[in-house]
Amino acid sequence: MSLLERIAHPNQAKVWYGEIPIQSRYTVGITGERFFREIKDNGRLWGTRCPHCDLVYIPPRLYCERCFAHLEEWVEVPTTGRVHTFTVVHLDLDGNPLPEPRIIAFIQIDGTDGGLIHDLGEVDPEEVCIGMCVEAVFKDPAERRGSITDIRYFRPVG
Amino acid sequence: MARNRVAIVGAGMTKFVRRAQETAKELAWEAASKALESCEMTLADIDAVVIGSAPEAFDGVHMKSEYLSDGCGGWGKPIIRGFVGGGTGVFSAIQGWYHIASGLFDTVLVVCEEKMSSCQPHPQGAFITIFDNITERALGPNLLWIFALEMNAYMTRYGLSKRDIALVAVKNKRNAADHPAALLGDPNITVEDVLNSEVLAWPVQRLDVSPISDGAVAIVMAAEHVARRVTNKPVWVEGVGWNLDTAYWTNRDLSYPTYVEEAARMAYKMAGITEPRKQIHIAEPYDPFDYKELHHLEGLLLFDKGKASEATALGITQRDGDLPVCPSGGLLGVGNPISAAALMKVAELFWQLREEAGARQVPGQPKRGVAQAWGDLMQVGTVIVLGV
Ligand SMILES: [Zn+2]
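Taken in order, these protein sequences are the chains called A and B. Letter by letter, the first sequence follows residues 1 to 158 of our numbering. Letter by letter, the second sequence follows residues 1001 to 1388 of our numbering.
Hints were generated in silico from the structure; no laboratory data involved. Mixed in with the good hints there might be a few duds.
[Unchecked claim] In silico DSBU-like cross-links for lysine-lysine, where the CA-CA straight-line distance does not exceed 35 Å: (1) K1077/B <-> K1269/B; (2) K40/A <-> K1015/B; (3) K1077/B <-> K1034/B; (4) K1077/B <-> K1233/B; (5) K1034/B <-> K1367/B; (6) K40/A <-> K1034/B.
Bound conformation, chain B alone (with noise of 0.2 Å):
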């Protein structure tokens, strides 16, 4: 089948914070805006507009995708919004590239917001309902118990401990220090510190977990004409992936994401990617918790099962290791305006690979990149391959 090349020409976003007072279609309207300045391109350049933005409960607005889209840029346009939780971010990309792909649109205007602050007394309640309505949420369950659960059947097929995994949140929040849009860089904070913060539902700790946070990130995609004409520098979309599992979580053993690992799979056929581990330069996988990078990177073929975490006490994964992992600073430090914060991810890769992250930069001229997002009932993978 023959598919246009697609490229991400620009990218924008807004700072991450815990509660902003802009409207949700006002973060949309900066990230936008600042995405199309960044490559010199206006609406009337754009042919289509995807919207990315996670449960409708958040900004407490019903048809969210009709509610942001002139914020979006998506007056009198053709928009679509996708949407599989916390996948979101990385779909809507994965969206842009086939409205592209498959010769419908040469350009397209990619557009994640999300705004959890709206939501009172706190997002968990929008969360509620992805439990079986009949046989969980009579036990008063909350999201933290199905990462808690998670985290400790990880650690323990694998014989981790809460310090090995709290080096992940050393790491991102430690490089989210430099990133000028995050909410809770520190380049200070140890591993003590993640080990005495406040249990929340052991194993899972305060510093395990990415904050609540407000935000919108923006890109730009073209078809190869365009994207060759708008810049010298494109970065091209090698392959895309996304693959869900069941929705019952009691039928997934939770120590391994299969999902993550088939929709990486996807991606890097096609993407021509035989060696992840030699070819992949940087990678941007989900870190909403601490122990989920490791995860993802088991799930993206990057690590052994079980043994990101001794990559990470290495080194191997920090900024200037063989395989810089979350560069930006991921969720745990820039912070997790849910699909907002997967588009982040892309829109990291995209500076990477053009060498435009200032004191970010991963060194070594980096080729290619992944990144990937995780969601719906935890049991969605979304991966997408960049390269220069």
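Looking at chain A on its own, in the form it has when it is part of the complex (with noise of 0.2 Å):
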């Protein structure tokens, strides 16, 4: 039996705190930077096309994961699309209980061959069914920041 299962708390045992100190600075990405500019400039959606695969891709790629073609072909995409598959979270990150769960779904882009993970709202868990059609929420242009937050939600079309 080791030390640690033992002791009656783990700060009996000799112990030394340290932590990494680092923080990363994502850069978006040569096709990113133009997605997400769209996005807070205009409120679209754009996505890359692979002409030999016949394939849009969103979140847009430079290049082609199945044949490795340069993707140089740009094509606004709607921002419609339909619920692949969500869930209704009920803890936070701490396991604490949220005030109001969320809802995440896999919303599938109309006209893609991707979609976009992201929360539904204007819409009661129970109503929310997979198949359903929604359309993209974006925030009012002042507070947008070139994030997948600009969008605030998905919601239900009609």
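Two chains, two separate frames, one set of hints: put the complex together.
Below is the structure:
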């Protein structure tokens, strides 16, 4: 039996506390620059298309992962899609109950071969179903920062 | 044991830069697609992918090979990530070799990527846990401590001066001025510049050190029957070796890299090399610090202990010398995106042995070269011997 298993509290064992003192600064990349600028400036979604594989990537890619082609064809895609799957989240990262449950969905964007993970809003969890048609709700232009949270959430269409 | 013969048939790299706008995946894709183009192959021709990348903390992404896989051409293919710290770049080529030598695959794309600029405020923060958490971290160490202590031990053992060692930085940064992908090439740098640069941790000064960098490098490896079909200039992997010393750096003689010698002996034996000083025509030893080139040349048995500096002063290690060392410009000149920097050395041998190195080409039609990297807890040596 190890010492740690025998002691009542971990601090009773000799310990040294340390942290890894780093923060990461992630560039959004070559295609990310345009994708997020369109969201911020125009409230629009753009993807890139591989003509060889006939795939529209969203989020957009610089290259086709299947055939490795350099993707230079940009296509504007709808801000609508379908719920491919969803969950209802009740706890935060620390395990504390959320004031309101969050509905998180994988939204297959119309006219593309990909999608986005995002919140669903203006809908009750009981009303959500797989296959539901939804649309993006953007923040006001002044509030947008060029990030995925410039989309406030997706809500049911109609 | 029967092993299939393996060649390198293509290579490509991004520029090494201080801060890349590209994501890590985009860097990997650029290098990988250039390597494929160089041998007129496509992803469909590739059986498996080897991904090399150093600590996760640099890119700030855990399970980095899964993250990088699509940029490395790994979609729908068997992939593996090799990781031995700074030794990773050469080790990834070794992994590519045994994937094919074993008969499991005919073609392997090896891609090494590092994006150190993501790591804020400085990649040193990511290195802190390589020290012993109990006996060393309380002292607030950083990586420079290791190098400074090792450099001093090496200098003192062999009676070398700072000036002797600065010659390496000058040679490599001047060589890098001819490399189109280099970050710190400088045709006019002098020994005085190195000796007058900022002292970081004595005896290590600013220009004794390679720069943190972003970049990616890729090579295409193939079994003999494929290699002969795709190129008339295959560069054969003749030997590989790797070795680790104790994880306690306080239990090693810091003036000599025994682990590099052991790795070199393994690779030379496989390559049938009995007299490395005669049979090796170019060397690309790992040079994150100027003294490390000398240290590693001795570990590679290319010079007697303590004598690599004398050879440097005599010009033997210049591009037109008897044993060109780091004709690429090395990490000191081209840059040091960890794993990519070491695979760059393998790619340099590929270009040199095919006589495709342009302004960097060493004269005399070299037939065999050795590349080496070093890392982990400063105790791993990885070695590959290539020949035509
Ligand atoms: Zn495609």
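Verification of the hints:
| no. | hint | result |
| --- | --- | --- |
| 1 | K1077/B <-> K1269/B | holds (33 Å) |
| 2 | K40/A <-> K1015/B | holds (31 Å) |
| 3 | K1077/B <-> K1034/B | holds (19 Å) |
| 4 | K1077/B <-> K1233/B | holds (27 Å) |
| 5 | K1034/B <-> K1367/B | holds (25 Å) |
| 6 | K40/A <-> K1034/B | holds (33 Å) |
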